[in-house]
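Assemble the complex: chain A is given as a structure, and chain B must be docked to it using the hints.
Line by line, the protein sequences are chains A and B. The first sequence begins at 1 in the numbering used here and counts up one residue at a time. The second sequence begins at 54 in the numbering used here and counts up one residue at a time.
Hints are not guaranteed to be accurate.
What the hints assert, rightly or not - Which residues of chain A face chain B? A partial, calculated answer using Cβ under 10 Å: (1) M1; (2) I8; (3) C10; (4) S11; (5) V12; (6) L16; (7) F22; (8) F23; (9) Q26; (10) H28; (11) D32; (12) Y35; (13) V39; (14) R40; (15) D44.
Honestly, the hints are just simulated from the structure, not real lab data. Glycine included, C-beta positions come from ideal geometry on N, C-alpha and C.
The lines below spell out each chain.
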Amino acid sequence: MSIIYFLIGCSVLLALIFLGAFFWAQRHGQHDDLYTPSVRILLDDEPIEEEKK
Amino acid sequence: MKDSRILEKLHCYHCGNDCEEEFAGPDEKVFCCNGCREVYSILSQSGLSNYYTFNKHPGATKDKLNPRFDYLKEPDIAKDLIDYADDKFTIVTFYIPAIHCSSCIWLLEHLNKLDPAIHYSRVDFLRKQVNIRFDNNITNLHSVVALLDSIGYEPLISLQDVIKKQTVGSKDNLVKKIAVAGFCFGNVMLLSFPEYLGISHYEQSFRYFFGLLNLAFCVPIVAYCGTDYFRSAWANLKNRILNIDFPLALGIAVLFLRTAFEILSHNGSGFADTCCGLVFFLLIGKFVQRKTYYHLSFERDYRSFFPVAVQVTDENGAERSVSLADIKVGQRILIRNNEIIPADAILLKGDARIDFSFVTGESVPINKVLGEVIYAGGRQTGEAIELEVVKPVSQSYLTRLWNNEAFTLTQQNRTKTFSETISKYFTIVLLAVAFGSLFFWLPTDFHRALSAFTAVLIIACPCALALSTPFTMSAALSILDKNLFYLKNTAVVEQLAHIDTIVFDKTGTITVAGADRIILHGDITAYQKQLIYSVCANSGHPLSRLICQYWEGTQRLGTSSYFETPGKGITATIDNHLVDVGSRLFIKGGFQSKSNTDTTEVHLRIDQQYIGFFSIKQQYRDGLEIINSLGKTYNIYLLSGDHGHEREALSGMFNPDLMFFEKSPQDKLDFIKNQQERGRKVMMIGDGLNDAGALKQSDLGIAITDNVNNFSPGSDAILDGRALSRLPQFFKFSKDTLRVVYGSFCISLSYNVVGLSYAVSGKLSPLIAAILMPLSTVTIISFTSIATHLAAKRRKLR
Chain A
1 MSIIYFLIGC SVLLALIFLG AFFWAQRHGQ HDDLYTPSVR ILLDDEPIEE
51 EKK
Chain B
54 MKDSRILEKL HCYHCGNDCE EEFAGPDEKV FCCNGCREVY SILSQSGLSN
104 YYTFNKHPGA TKDKLNPRFD YLKEPDIAKD LIDYADDKFT IVTFYIPAIH
154 CSSCIWLLEH LNKLDPAIHY SRVDFLRKQV NIRFDNNITN LHSVVALLDS
204 IGYEPLISLQ DVIKKQTVGS KDNLVKKIAV AGFCFGNVML LSFPEYLGIS
254 HYEQSFRYFF GLLNLAFCVP IVAYCGTDYF RSAWANLKNR ILNIDFPLAL
304 GIAVLFLRTA FEILSHNGSG FADTCCGLVF FLLIGKFVQR KTYYHLSFER
354 DYRSFFPVAV QVTDENGAER SVSLADIKVG QRILIRNNEI IPADAILLKG
404 DARIDFSFVT GESVPINKVL GEVIYAGGRQ TGEAIELEVV KPVSQSYLTR
454 LWNNEAFTLT QQNRTKTFSE TISKYFTIVL LAVAFGSLFF WLPTDFHRAL
504 SAFTAVLIIA CPCALALSTP FTMSAALSIL DKNLFYLKNT AVVEQLAHID
554 TIVFDKTGTI TVAGADRIIL HGDITAYQKQ LIYSVCANSG HPLSRLICQY
604 WEGTQRLGTS SYFETPGKGI TATIDNHLVD VGSRLFIKGG FQSKSNTDTT
654 EVHLRIDQQY IGFFSIKQQY RDGLEIINSL GKTYNIYLLS GDHGHEREAL
704 SGMFNPDLMF FEKSPQDKLD FIKNQQERGR KVMMIGDGLN DAGALKQSDL
754 GIAITDNVNN FSPGSDAILD GRALSRLPQF FKFSKDTLRV VYGSFCISLS
804 YNVVGLSYAV SGKLSPLIAA ILMPLSTVTI ISFTSIATHL AAKRRKLR
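Isolated chain A (complex conformation) (with noise of 0.2 Å):
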C-alpha cells in the first residue's frame, strides 16, 4: 500500500501546475474580459455576403 504516498504526491504535484497555471493565466490578463471571445469567436474573417430574399 506504500503505493498511496506515491500517488498521493503526483496527485498534489498535478494540482499545483494547474494552480500555477492559473496564476499565470490570471497575472496575463486572460481573465480581465470573459465576455467579448465569445463574440469574437463568432465572427468570421471574411463572411460571405448573405443572399437578400
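Below, chain B without anything else, positioned relative to chain A:
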C-alpha cells in the same frame, strides 16, 4: 416592390432611425442624415460593408456635428491619455460609449483596413473600451481619434478618466485567494475521506500522513487566504467595534490551532476540512458581494463633465489647446457652439446664450451681455464666444461645491446594515456560551473543558450568517439590474429599504429637458408672426424664450413701447400695432380653466383682436403617477433650481407646500442635511451637476439618466429613466430582501443551536462539523437566491 416600400416607414440603413428627411446614398440605401451616409461610404469604400451583415442597423446616429479634437495635437495632453509609447509604437485605450453589438467589435477590430498604421485593436465589450496600438511614425493620436469619430465611434475623453487611469492598479488578490482556498479545500476533502470512512488498524501510518498533509494545506489557508479577516478583526477591536469578522477570525484561528494540536499530538484528525471549507465559502461570499458594472461609473464629478482642454488665444490672436488644469486667471478662452465653459469667466466677445440646465436646473438658455461673469458649467448654444478667465477651474462657483465636507467625509451617517448590528450581539452571546462551557467543565475535566470551549467557537462560527447578506443582496442586485436600476454595491439595497423621505429634482428628473412640445392654434400671417416674435424676443420669461425658439430665424422688428406684467403677460407696441401676449386671464379675462394642468397656454392678441394661442406641453417623464402613490407612505419633496413657473402644473403630483424653487446646489445639499437632522432617511433623485451635492449628502442618492453611458453625477445608484415607474416596486422589493436576510439568519441560527448542543458537551466529532458547516452554507445560498427571486416575481419585477 417599389410601391410597397413607400408604405412602410423608412429606416436609416446605418442607425435604424426613422428617416424624416431622406438622404439617398449609394447602392440604393437610405439614410437619416448626412453623417450616417458618410460613415456608410467610408466603410463601403474600404471593403468593410460586412459591418452591416452581422446586425441590422448596427450604427449609432451621426447627425450631431463633429466635435473638435484639436487638443489631442498638444503633446502634453496626449501624453496623459496614452498607455505606453516608444519611438515606434503607441498604445492607447479609449472608452467608446457607442459599442453595443457584435458589428461594433468586428469593425473596431478591423481598423487596420481603414488605416494601415493601426497594427492592433482589441475591444473589451463589457467595459466598452478599445485598446489600440499604432505606428506613431505614420499616424498620431489625433488622426486615430478622428478616424474613430468618422466611423461613428467617438471616444469619450474626459479629465476624470485621465486621472482615474493613474489610480488603477490597486487590486487585491481575491481571485487568487479563492484559487488557493479552492485548491486546499479540494485536496483536504480528498485526504479526509479515509478518515470519514474509517481506517483499519494496520493502516494507521496513513492516518498520521494524511493528517500532516491536511495540516500543511491549512497553513496557506490561514496565512494567505484568511489574513483579511484577522486584519479586519484586529482593526475593529482596536476601535472597540465587534463586527462579524471577529467571530470569523476567532473561528479560523481556533480551528487551525486545534487541528495542529490534535494532529501533532496523535490525538485525532482535527478539523482541517472545516477550516478550509469555511475560508473558501467566506471568500466566495466576498466575491459575490463585489459586483461591478464595468460600463458604469458611480464616482463621477465635474471633471468628467468638463472637456479635457480648451482653446486659448494669446495676444497675437493665435489659438492653442491648453489642458484645463493649466488654465490661469486672465487667459482668453474660445468656446464654440455646444462646448462647456470650464471656469468662471467674463464675456468679451460674441452673443452668449448659455444653457445652464445641467448646473442650475433652469432649462431655458440665458442671454448674457458683454462684461458679465459667466459661471462654469454652462453650455454655449450658438456662435463662438470669447471669454476671459477670472477664476481657476478648481475655484469656480460650480466646482467649489466639491470642497463641501459632504465630499470629503467618508459616509458615516448611513444606517448600519443588519449584519453589522446583529453581529455585535451574536459575538457577545457566542463568547458567553464558549466561556460558560469552559467554566462548567473546568472543575471536573480540564481536557474536556478546553475541547468544549474550542468546539463552541468552531461550530458557532457565523459562516452562514456572513454569507446570507452577500448572497441575498447580490441576487437582489442582479434582479434590479435587469430592471434597469443599477446599484453601486450590495449595501445600497438595505439603504433603499430604510428610506422614508424622497426628494425629487425637477429639470431632467421629472421633466425631460429640451423636449417641450409647443403647438400653435389659429391662423397667423407671416407679418403677425414677426410681430409676436419681436415681442417675445424682448422678454426673458421662459415661455417667451420657447416661442422665440419655435420661430427661430424670424426677422425682428423694432419695439416702440414695452410693458411686462409679471405672471400675466406683455403689452407692446410694434410698428404701430398693439400686441398683447399672455395668459388667458390677461387676454380674455374671466377665470383660467384648470382642467388640464399639464399644458400651459399663451394667448395672442393684435390690435385688440384675438388671433389664437400657443399650447405648450411640458414633457414629463413617463410613469410619474407613482409619485402620488408613493406620497401615501413617504414624505415627498420637490427641489428645483428652476423658477416657480411650473408650480401649478406640478401641484397635481406634489403637495404645493413641499415644492421649493430657485434652489442653488448648496441649498439642495443643506435641505437634505436639514431633513437628516430631523431623523429622516432621505433619498435624493437627481440628474445634473446641480444635484451632485444633494446626492452625496443624502442617505441614498440616485442619478436618473436616459442613457446610462452618458454623464451622470456621482451617486449610489443609477436609474434608467424608463424604469422610473417601477420605483414603488423597487422599494417593496428591497424590504422583501431584508426579510429574506432575516429568514436566512434564523436558519443559520437554528443550525448553530443544533451544533452547539453537541459542542457544549465537549464531544464534537470532526465529521459532524464537516457535515454541518457545508450543509448550512448550501442551505443559506439556495434559500436566499430562491426567496429573492420569488420576491421579485411577487413584485412583478423581471
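| task | Please write out, lowest number first, the hints stated earlier that are contradicted by the structure. | result | Numbers 3, 10, in rising order.
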